[in-house]
Amino acid sequence: MSTLLDTFRIDFMRHALLAGSLAAAMCAYLGVYVVLRRMVFVGVALAEMSSAGVALALLLGVAPMLGALGLMLVGVALFSVRWTARKVPQDTFIGIGYAVAAALGILLIAKSAKGEAHMLELLYGNVLTAAPGETLQMLTVFAGVAVLHVLFGKEFLLASFDPDWGETIGVRVRLWNVLLYLTIGLAIAFSIRAMGVLLTFAMLTLPAAGALVVTGRMRQALWVSPLLAILPIALGLHISLVGDLPPAAAAVMLSFLLLVACAAGERLRRRA
Amino acid sequence: MTDYIAPPARRDRHAATGQELVSFTEVSLAYGRRPVLSGLTFALHQGDYVGIVGPNGAGKTTLLRALLGLLRPRSGRIEMPCRPLRCGYVPQLQTVDEIFPLTVLEIVLMGRYGRLGPCRRPRPADRGVALAALEEVGIADLAGQLYRDLSGGQRQRTLMARALACDPDLLVLDEPTNDMDLAGEHATMALVDRLQAERQLTVVMVSHYLNVVVNHVRLLALLGNGDFRLLPTEQVLEAGHLQKLYGMPIEVAEVRGRRVVVAAPGNGERP
Numbered sequence: 006m007s008t009l010l011d012t013f014r015i016d017f018m019r020h021a022l023l024a025g026s027l028a029a030a031m032c033a034y035l036g037v038y039v040v041l042r043r044m045v046f047v048g049v050a051l052a053e054m055s056s057a058g059v060a061l062a063l064l065l066g067v068a069p070m071l072g073a074l075g076l077m078l079v080g081v082a083l084f085s086v087r088w089t090a091r092k093v094p095q096d097t098f099i100g101i102g103y104a105v106a107a108a109l110g111i112l113l114i115a116k117s118a119k120g121e122a123h124m125l126e127l128l129y130g131n132v133l134t135a136a137p138g139e140t141l142q143m144l145t146v147f148a149g150v151a152v153l154h155v156l157f158g159k160e161f162l163l164a165s166f167d168p169d170w171g172e173t174i175g176v177r178v179r180l181w182n183v184l185l186y187l188t189i190g191l192a193i194a195f196s197i198r199a200m201g202v203l204l205t206f207a208m209l210t211l212p213a214a215g216a217l218v219v220t221g222r223m224r225q226a227l228w229v230s231p232l233l234a235i236l237p238i239a240l241g242l243h244i245s246l247v248g249d250l251p252p253a254a255a256a257v258m259l260s261f262l263l264l265v266a267c268a269a270g271e272r273l274r275r276r277a
Numbered sequence: 045m046t047d048y049i050a051p052p053a054r055r056d057r058h059a060a061t062g063q064e065l066v067s068f069t070e071v072s073l074a075y076g077r078r079p080v081l082s083g084l085t086f087a088l089h090q091g092d093y094v095g096i097v098g099p100n101g102a103g104k105t106t107l108l109r110a111l112l113g114l115l116r117p118r119s120g121r122i123e124m125p126c127r128p129l130r131c132g133y134v135p136q137l138q139t140v141d142e143i144f145p146l147t148v149l150e151i152v153l154m155g156r157y158g159r160l161g162p163c164r165r166p167r168p169a170d171r172g173v174a175l176a177a178l179e180e181v182g183i184a185d186l187a188g189q190l191y192r193d194l195s196g197g198q199r200q201r202t203l204m205a206r207a208l209a210c211d212p213d214l215l216v217l218d219e220p221t222n223d224m225d226l227a228g229e230h231a232t233m234a235l236v237d238r239l240q241a242e243r244q245l246t247v248v249m250v251s252h253y254l255n256v257v258v259n260h261v262r263l264l265a266l267l268g269n270g271d272f273r274l275l276p277t278e279q280v281l282e283a284g285h286l287q288k289l290y291g292m293p294i295e296v297a298e299v300r301g302r303r304v305v306v307a308a309p310g311n312g313e314r315p
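Line by line, the protein sequences are chains A and B. So in this note's numbering, the last spot in the first sequence is 277, and the numbers never skip. So in this note's numbering, the last spot in the second sequence is 315, and the numbers never skip.
What the hints contain is simulated information worked out from the structure, not anything from laboratory work. Computed from a predicted structure; not experimentally measured. C-beta: ideal position from N, C-alpha, C; glycine also. Be careful, since some hints might not be right.
If you anchor each label on the Cβ, the simulated ranges turn out as follows [as the list claims (entries may be wrong)]:
no.: 1; chain 1: B; residue 1: Asp141; chain 2: A; residue 2: Leu71; range: 19 to 27 Å
no.: 2; chain 1: A; residue 1: Ala151; chain 2: B; residue 2: Leu275; range: 50 to 58 Å
no.: 3; chain 1: A; residue 1: Leu112; chain 2: B; residue 2: Gly228; range: 37 to 45 Å
no.: 4; chain 1: B; residue 1: Arg78; chain 2: A; residue 2: Gly149; range: 25 to 33 Å
Partial list, derived from the structure: chain A residues whose beta carbon lies under 7 Å from chain B [stated by the list, open to error]:
no.: 5; residue: Arg14
no.: 6; residue: Leu41
no.: 7; residue: Val45
no.: 8; residue: Leu156
no.: 9; residue: Glu160
no.: 10; residue: Phe161
no.: 11; residue: Phe166
no.: 12; residue: Pro168
no.: 13; residue: Glu172
no.: 14; residue: Thr173
no.: 15; residue: Ile174
no.: 16; residue: Gly175
no.: 17; residue: Val218
no.: 18; residue: Arg222
Could you put the whole structure together from the sequences, leaning on the hints where they help?
Structure follows, in C-alpha cells:
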C-alpha cells in the first residue's frame with residue numbers, strides 16, 4: 006500500500022503538489038473576501054471568463070495566458086463597478102457575464118483544431134501536468150498579490166466591509182475595490198491553468214467557509230483558510246494516484262468533507 | 045479592564061463655536077437621471093444640533109450622503125469653508141454587514157484609517173484613541189466581542205465610537221433609533237445629547253421618528269413638503285409646518301416637560 010510519502014517521492018507528483026498547493030492557498034486566502042462579500046458567483050464568472058480567454062487565445066494562436074488575463078480584466082472591469090441600473094439587480098450582470106463567457110468558450114473551442122482536449126483539461130483540471138515554468142510564473146504573480154494584501158489589507162477590508170465609511174474618511178474605495186478584484190482575477194486566471202475551473206472555484210469557497218466556521222474571526226480565517234486548502238490537495242493527489250481517480254474531483258470532495266468536519270467540530274465545541 | 049484614555053482635546057483645527065462649517069446653495073440631488081431633492085439652501089455651524097425629519101422616501105438619506113460628500117450635487121453649490129471637514133458618519137444599522145466576523149475594536153479602529161493612509165497599520169496610539177472612544181460610549185468592556193454578537197443598541201454605540209475615533213467636526217447619524225425599543229431609544233439619544241454637549245460637536249441626525257428628534261435637537265428641518273428650511277425646533281412645531289408635511293391635523297402636546305407630536309382626530313373620528 007502506497008503511503009502519502011511514497012506518493013510525493015515521485016517527481017511529477019511532488020511538482021503537482023507544489024503547483025496545486027500554491028494555487029489552492031492563494032485562492033483560499035482570497036476566498037475569505039469572496040465569501041464574506043457574497044461574491045461567490047463573481048468568482049465562478051471570472052473563472053469562466055478566463056477559460057473563454059484561453060479558448061480565444063487558442064483560436065488566435067497566441068499564448069493561452071494572454072487570453073485568460075485579457076478576458077479576466079474585462080470581467081474585473083465589469084464586476085467591480087457598482088452598476089446603478091434600477092430595473093435589474095447587480096448580480097444579474099454577473100450571471101450574464103458567466104453565461105456569455107461559457108457560451109463564448111464553447112463556440113471558440115468548437116472552432117479550434119486542438120481545443121477540445123484543452124477544454125476538458127480546463128473544466129476538470131489536471132494539476133498533474135502543470136509545467137515547472139508555469140509554476141514559477143504563478144509563484145511570481147502570487148508573491149505580488151500577497152505583497153499587495155500585506156500592504157493594503159486594511160484598505161481591502163474597508164472597501165469590503167463598509168465602503169460608505171471608507172469614502173467618508175477619504176479612502177479611495179473604488180480604487181481599492183478594483184485592485185481587490187484584480188488580485189482575485191489574477192489568482193483565478195493562474196489557478197485555472199494549474200488546476201482547472203472546478204478546483205479553482207472550489208478553493209475559492211470551501212476552505213474559506215471552513216475557516217470562517219472554525220475561527221469566527223476575520224484575521225484568523227485569512228490564515229487558516231489556505232491551510233484548509235492545502236490538506237485536501239495533498240490527499241486528493243495521493244488518492245488519485247492510488248485509486249486511479251481524477252485529482253481535481255477527489256480534492257473537491259475531500260475539501261467538502263473537511264468543511265463538514267469543521268462544522269461538526271465547531272458544533273461540538275459550542276455544546277461542550 | 046481597559047485604561048481610560050481621555051478623548052483627544054479639541055485643537056485649533058476645529059472651528060470656533062458658531063463658525064460656518066458647510067453651506068448648501070440651491071442644491072439639487074439625483075440618482076442617475078432620477079431627481080430626489082431640489083432647491084436645498086441652508087448652512088450648518090459649529091455646535092449646531094440639527095434634526096432632519098421626513099416620511100420614508102422623502103430623501104433624508106440622500107441629503108446625508110451629499111453632506112458626507114458621497115453624492116455630488118446635480119446642480120448648486122456645497123461649500124465647506126473649514127476644509128478639510130472631518131465627518132463621523134453613523135449609518136443605519138441595517139446597512140452594516142454583520143457577516144464579517146470583526147470585533148468591536150477592529151471596527152472602531154476603522155475610524156483611524158483615514159489618518160493612517162495606505163501601507164500603515166494602526167499604531168498603539170490609534171488603539172488608545174479607539175479604546176477611549178469605546179469608553180466614551182460606554183462599551184469599553186465589549187472591545188473584544190464580535191460585532192455580530194451585539195444587541196442593536198451596542199452595535200449603534202460601536203458605530204458611534206468609530207465615528208468619534210476619527211475626531212470629527214461633524215457627527216452625522218442616519219436613523220439612530222431605528223428598530224430600537226423604548227429603553228434603547230432613550231439611551232441612544234441620551235448618549236448623542238451628551239456627546240454633543242461635551243465635545244461641542246455639530247450633530248446632524250435624520251429620522252422619521254419625529255417624537256424622538258423634537259425633544260433633543262435645537263434646529264429642525266422638515267423634508268418632504270417642498271419647503272426645506274432649517275429653523276429653531278419650537279418654530280417648526282408651532283407654525284403649522286407639520287400639518288403641511290403630513291397632510292393631516294397635528295397636535296403638539298407636552299407631557300412632563302417633553303414634547304409629544306400626535307395626529308389630531310379628524311371630523312367624525314373618535315379622539
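Comparing the hints with the structure gives:
Checked against the given bound of 19 to 27 Å, the beta carbons of B/Asp141 and A/Leu71, roughly 37 Å apart, lie outside it. The hinted window of 50 to 58 Å between A/Ala151 and B/Leu275 holds, with their beta carbons roughly 57 Å apart. Between A/Leu112 and B/Gly228 the C-beta distance comes to about 58 Å, which lies outside the given range of 37 to 45 Å. The hint said 25 to 33 Å for the Cβ distance between B/Arg78 and A/Gly149, and at roughly 42 Å that hint is violated.
Against a cut-off of 7 Å between C-beta atoms, the interface hint on A/Arg14 is violated, since the closest Cβ of chain B lies about 40 Å away. The closest approach between the C-beta of A/Leu41 and any C-beta of chain B is roughly 5 Å, which is under the 7 Å cut-off, so the hint is satisfied. Contact between A/Val45 and chain B, as hinted, is not supported at the beta carbon level, the nearest pair being about 13 Å apart and thus beyond 7 Å. For A/Leu156, the shortest C-beta to C-beta distance to chain B is roughly 5 Å, which falls under 7 Å, so the interface hint holds.
At a threshold of 7 Å, the smallest CB-CB gap from A/Glu160 to chain B is about 6 Å, leaving the interface hint in force. Residue-level restraint check for A/Phe161 is violated (minimum Cβ-Cβ distance to chain B is 11 Å; threshold 7 Å). Taking 7 Å as the C-beta contact cut-off toward chain B, the hint placing A/Phe166 at the interface holds, the least distance being around 5 Å. The beta carbon of A/Pro168 is not positioned within 7 Å of any beta carbon in chain B (closest approach about 9 Å), and the interface hint is therefore violated.
With a least beta-carbon distance of about 5 Å to chain B, the hint placing A/Glu172 at the interface is held under the 7 Å criterion. The criterion of a C-beta within 7 Å of any C-beta in chain B is met by A/Thr173, whose closest approach is roughly 5 Å, and the hint holds. The beta carbon of A/Ile174 comes within 3 Å of a beta carbon in chain B, closer than 7 Å, and the hint placing it at the interface holds. Because the closest C-beta pair between A/Gly175 and chain B is about 5 Å apart, less than 7 Å, the hint holds.
The restraint placing A/Val218 at the interface with chain B is violated, with a minimum CB-CB distance near 10 Å, outside the 7 Å limit. A cut of 7 Å between beta carbons decides the hint on A/Arg222: the least distance to chain B is about 5 Å, and the hint holds.
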